[in-house]
Structures are given as structure tokens and as C-alpha cells.
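**Student:** Protein chains in written order, with the working numbering: chain A, 1 to 420; chain B, 1 to 158.
I should point out that these hints are in silico values taken from the structure, not numbers from a laboratory.
Accuracy of the hints is not assured; some may be wrong.
[As the list claims (entries may be wrong)] Each computed DSBU-like pair below joins lysine-lysine, with the alpha-carbon atoms no more than 35 Å apart:
hint, chain 1, residue 1, chain 2, residue 2
1, B, 12, A, 127
2, B, 12, A, 71
3, A, 277, A, 227
4, B, 12, A, 182
5, A, 333, A, 401
6, A, 277, A, 362
7, B, 62, B, 102
8, A, 113, B, 102
9, A, 31, A, 46
10, A, 305, A, 342
11, A, 113, B, 158
12, A, 277, A, 189
13, A, 7, A, 22
14, B, 102, A, 274
15, A, 71, B, 62
16, A, 45, A, 227
17, B, 102, A, 362
18, B, 102, A, 227
19, A, 274, A, 113
20, A, 342, B, 62
21, A, 383, B, 62
22, A, 127, B, 62
23, A, 182, A, 401
24, A, 333, B, 12
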Amino acid sequence: MERVLLKNIENPNSAEIDEYLKAGGYRNVSKAFDMRPEDIIEEVKKSGLRGRGGAGFPTGMKWGFAIADPKFPKYLICNADEGEPGTFKDRPILERNPHLLIEGMIISAYALKAEYGYIYLRAEYPKAKEILDRAIRQAYERNYLGENILGRDVRFHLTVHQGAGAYICGEETALIDSLEGKRGQPRNKPPFPVNVGAWRMPTIVNNVETLANIPYIVEIGGEAYSKIGNPECPGPKLYCVSGHVNRPGVYELPMGTTLREIIYTHAGGIRNDKELKAVIPGGVSTPVLPASMIDCRMDFVSMPKAGSMLGSAAVIVMDETVCMVKVMHRIMKFFEHESCGKCTPCREGTGWLRRILESIEKGNGRPGDIELLRDISEDMMGKTFCPLGDGAAGALRGMLKHFEYEFEEHIAGRSRCKGG
Amino acid sequence: MARGMFSETAIKELEEIRRRYPDSRAALLPALHIAQREFGWLSDDVMRSVARLLNLTEAEVKGTASFYSMFRFRPMGRHIIQLCTNVSCMLLGAERLVDLLKDRYGLEPGGTTEDGRFSLVIMECIGACGTAPAMLVNSDFYDNLTEERIVEILERYK
Ligand SMILES: Cc1cc2nc3c(=O)[nH]c(=O)nc-3n(C[C@H](O)[C@H](O)[C@H](O)COP(=O)(O)O)c2cc1C
């Protein structure tokens, strides 16, 4: 497959506007400006593009809601918070293909009649901040940003806004509060951001990778795009593979590639000739899968059938030496730390789960602990203010579904792990 | 506008940033980043100054700042080591690095060395999972860390 999102990133100067222009970049801005905004939204609907931030919401539908709201100004926000552990797919776009993202945002802003855009970037990526600031400056100099873009009476201003280390700010309503200069805690939905978002105005939040697909959709048309990969949720997809593989990294493949192909063909298989034990397919919020299930396809439609989720396509590969109790304990520590504290089931639940998991890992588990873990996660699932709590509970339930025996072994003192 | 303790460059930078948002509160996170860059950490005095610059109350500034884990509210070491220990880094040995920092520098997570050279902050994923384990030292990024490599790198920070 021809690479779309990671095109030319081997070029050491790929982040420079001249290199981007040389490779045909920004052509799709002119093409888009020759179309009517509503026709672009129509193409995006036809393309079948679904959001790459984790939830997989149809992008064209979201845009349709936003444009139907009569309020102005409208804001376009790029979600570059990339906080889901195991995820590093947006980073190569931000650091090595920033003009593709900017081009995608210009076209999107034109279609959505948004004149102001923000890239909400995690502070953990200081290099991306420098690169994006420079790329935006270049785009202003060449009149792809600013007033009267390309003499076509289009106006779009773009700013990089840095977060400050809070996973929850990846959740779109928490992100909006954070952008407004507040504590990043999720808002009630509805109203949805497309109607009442930043500064109470219609706001479109899309992931980096989602927006980076837009120029290509304009280029080849929604129809042709919809034929790439799984027709139920088409397009090129970035899979980021980490853990015990020979060639970890970000791979651009058609949506719906199997986990087996991703791990063995692209990421080079398991390191040190070990056996594969388990895979967390879409970041730590998604339920783990045992080695026996890696023939499932990595897309928004197939993964739920396998009992997990595509999430952010952060494939964390674990070999036979890994202790699942330890992994689960580390994951819950993450959720406890990142729970924003707004709602009780998440704030208290993640703390309780972490403490029980810690005691099991340290060899102090008691009979009944597994039931207790199940009970607490049941009390969280679907009862928290935002999906962070569901992620925490769901990850644990996945672990217990496939690896309960390891937790039992730890509690019975029969485990090979020494704990700690 | 009350200038407080900020340098002229910082004030100018902030004024320019302020114009990109519909209200001044939105410039709070950028202002706190600038403040932390200038002073190393956010003291009550610094936050009071930020409040005055943006026409906000001290409670608004402190209440917001305290939510975010990358803002610091006490003096830090000269160099801040931000080491990831989340799953992908853990699988490839991040815990050994934490132990090494303890043994070699007497550095505990959340702590600072006695000579004020290093502070250690444990991070929740810095997006370097494909080249784990990884860390930031100040804003310099290092990955594929081993016990030898981390010592070699840290020796460059005096
Ligand atoms: C706890 C939590 C964290 C999230 N983190 C991110 C993130 O880091 N990046 C992202 O793009 N979406 C993240 N999301 C999803 C966003 O809320 C939102 O669905 C997404 O930005 C929409 O863009 P898309 O439609 O292009 O996927 C997160 C959601 C939750 C509940």
C-alpha cells in the first residue's frame, strides 16, 4: 500500500515546507477551495472515515452536526494529547509530517467554516511543539494560514496549545476545559462539543491521525478512499507496536490488518525466540487478548467481536515471561493517578482496585480478592462520568477473563513470580 | 498591566499569546509554562503574578495549576529526569533504571539529590513505547535506555 500518513518521513527534512511542497503538499488546499464546503463534508461522509482517537466516531457525521448548528464562531481542535499508554502513532505525524496535519486542518476548517484552530499538544512532546510552531510559521509565510488564504477570501488561524501532563485532557470535553484555562475535567454530555464546546461555541475535536487523512480524501475522493482496507471502517491506519517484538515501531497498513500480520510480518515477531503470551491491542484501556486470538482483524468493527477494542491501535506485545498480575497492577496505578477525581466510582474505584492488585502482587492476596475485584469493576462499568473509568474496569475484566488462573496462583502462593 | 516579576521578553511573549484566544483565562496554561520556564517552579508569588497579568483571581490560577502533574510547586533540582515506567517501558526494564538511580545517585521517585543536581519524576507514558525505555532530561529526549546508557547520558548534566 502506498503510504499516505507517513509519506516521505525518511527524508530528514520532511518537516520543512519546501520539501512538503516538492512532494505535492498543499495541492489539496487549492482543490478543496474549488469545492463547496458542504461537498467536502459529503466526500468525508462517503469516505467512511472514522475517528482515530479511540472511539471511532464517523467523522463526516460529526462534521454534519457541527455545520448544522447556526452558532458562530466555530472552533476546530486537533487532539494531539496522545496519552493512552502504548500509543505513539501521532508523534511521527507531528514531528515529521506536520504540514500534512496543517493541510488537513486548513481543509477541515474551510469545510466547517471555522476560522480558529488549536492543536492541543501534550507537554510530554516538547520537540513536537518546536516543530509544529516552526511549520505553522512557515505556513503563515506562504499564506496557507492567516487572512485571505491563497487570495481566496478564506481565513484560518492556528495555534499550538500545550497541555501540562494529564491523561484525562485527551477526553474531548476535559480537553476543552483545559484549553479554556481550567482544570481538565470532563463535562456532561449532551450538549456535545459540536453544539456547545470551547467558549460555548460549536467545536469540532478530531484526532491528529483523523485530520491527517483529510487531504487524501480530497485528493482521491470519498468513494475511492472507502475501498481501502475493511469497507466497514476503511482507510489507512497507523498501528504502533511496542513490547517484546523484534521491530517495534509505527506501521501504516490498511485498516483491518490482523494482529498476527502486524506482530509477525511487520514487527518481526517475538524477541529472543520466546513464545507470545498476550497482546494489549489498543492501549491499556482496551482488554487484553491471549496469543490464541491474534487472528482477529484490527479495526473498529472486528475488535469488539473479539471482546476488545481498536482504541488507539497501540499494540503492546508480551512474551511468555510476563506476569499478568504485575502488568495489571501497573495499569491500575496509571488509572488511579490519572483519574481526575470528579466522580466517585472512578476516583475511589481505581484506588481500591490498585490496592487489591498491589497486595496480590506482593503475595498478600486473600481468598475472595478476585470476586472483590470483579465486584468493584462491576460498580464502575458504565457508572462513571466519562469513559476513563470504563477503561480501567474493562482492562481488569479482560485480564480476569483470560488470565484469572495467574491471579489465583498468586493468591494461593503458588506463583513463580517473586512479586514487587 | 501589573508586570510582577516577569522579564520583558516573557511579558511580550504572553501578550502575543493572549491575542490568540477569545479570553484571557485561556492563556493561563501558556502563562504557567512561561512562568515555570523563567523561575523553575511555581511559587505562590509567581502564581500571584500570573493572576495579575491575566486579570484572574489567585484561586483560579492555583486551582487550575494544581490539577496538572507537570507544574511544580516546590524547588526542583537543576536537571529534571522524567522517566517513564508505564507498561511498554516496564516490559523492557524501566524498573531496573529506577533502582539504578536510587543506588547510584540516592534518587527516589519524586525526590531530589542532596546536591540539587537531579530531580526524578516518574512519568505515565511519554509516547516512546517503540524505543522503550525512555526519559526526558529537562526537555531533551532519550530512548533505548540501558543501565550503562542512562549513566553515560546523565554524566553530561552537571
Ligand atoms: C480518558 C480518555 C482519553 C482520551 N485520550 C485521547 C487522546 O489522547 N487523543 C485523542 O485523539 N483522543 C482521545 N480520546 C478520545 C476523545 O475524547 C475524542 O473522542 C477524540 O479526540 C475525537 O476525535 P476523532 O473522532 O478524530 O477520534 C480520549 C478519550 C477518553 C475517554
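**Student:** Does residue 102 of chain B sit within 35 Å of residue 113 of chain A, going by the straight-line distance between their CA atoms?
**Tutor:** Given pair residue 113 of chain A, residue 102 of chain B is violated - Cα atoms ~54 Å apart, limit 35 Å.
**Student:** Verify the proposed pairing of residue 333 of chain A with residue 401 of chain A, using a straight-line Cα cut of 35 Å.
**Tutor:** holds (20 Å)
**Student:** Residue 383 of chain A and residue 62 of chain B were given as a pair; does the straight-line alpha-carbon distance stay at or below 35 Å?
**Tutor:** holds (30 Å)
**Student:** Is residue 45 of chain A within 35 Å of residue 227 of chain A, Cα to Cα?
**Tutor:** Status holds; Cα separation ~13 Å.
**Student:** For a C-alpha distance cap of 35 Å, please report whether residue 277 of chain A and residue 362 of chain A respect it.
**Tutor:** holds (22 Å)
**Student:** For the pair supplied as a hint, residue 7 of chain A and residue 22 of chain A, is the alpha-carbon distance within the 35 Å limit?
**Tutor:** Status holds; Cα separation ~12 Å.
**Student:** Has the given pair, residue 274 of chain A with residue 113 of chain A, been kept, meaning a C-alpha gap of at most 35 Å?
**Tutor:** violated (53 Å)
**Student:** With the threshold set at 35 Å, check whether the alpha-carbon distance from residue 342 of chain A to residue 62 of chain B stays at or below it.
**Tutor:** Since the Cα atoms of residue 342 of chain A and residue 62 of chain B sit roughly 18 Å apart, the hinted pair holds (cutoff 35 Å).
**Student:** Residue 12 of chain B and residue 182 of chain A were given as a pair; does the straight-line alpha-carbon distance stay at or below 35 Å?
**Tutor:** Holds, at roughly 23 Å.
**Student:** Straight-line Cα separation of residue 277 of chain A and residue 189 of chain A no greater than 35 Å?
**Tutor:** violated (39 Å)
**Student:** Would the pair residue 12 of chain B and residue 71 of chain A pass a check requiring their Cα atoms to be no farther apart than 35 Å?
**Tutor:** holds (33 Å)
**Student:** Can the restraint linking residue 113 of chain A and residue 158 of chain B be considered satisfied, given a maximum Cα separation of 35 Å?
**Tutor:** Given that 35 Å is the threshold and the Cα spacing comes to 51 Å, the pair is violated.
Violation of the numbered hints given earlier is confined to hints 8, 11, 12, 18, 19, 23, 24; the remaining hints are satisfied by the structure.
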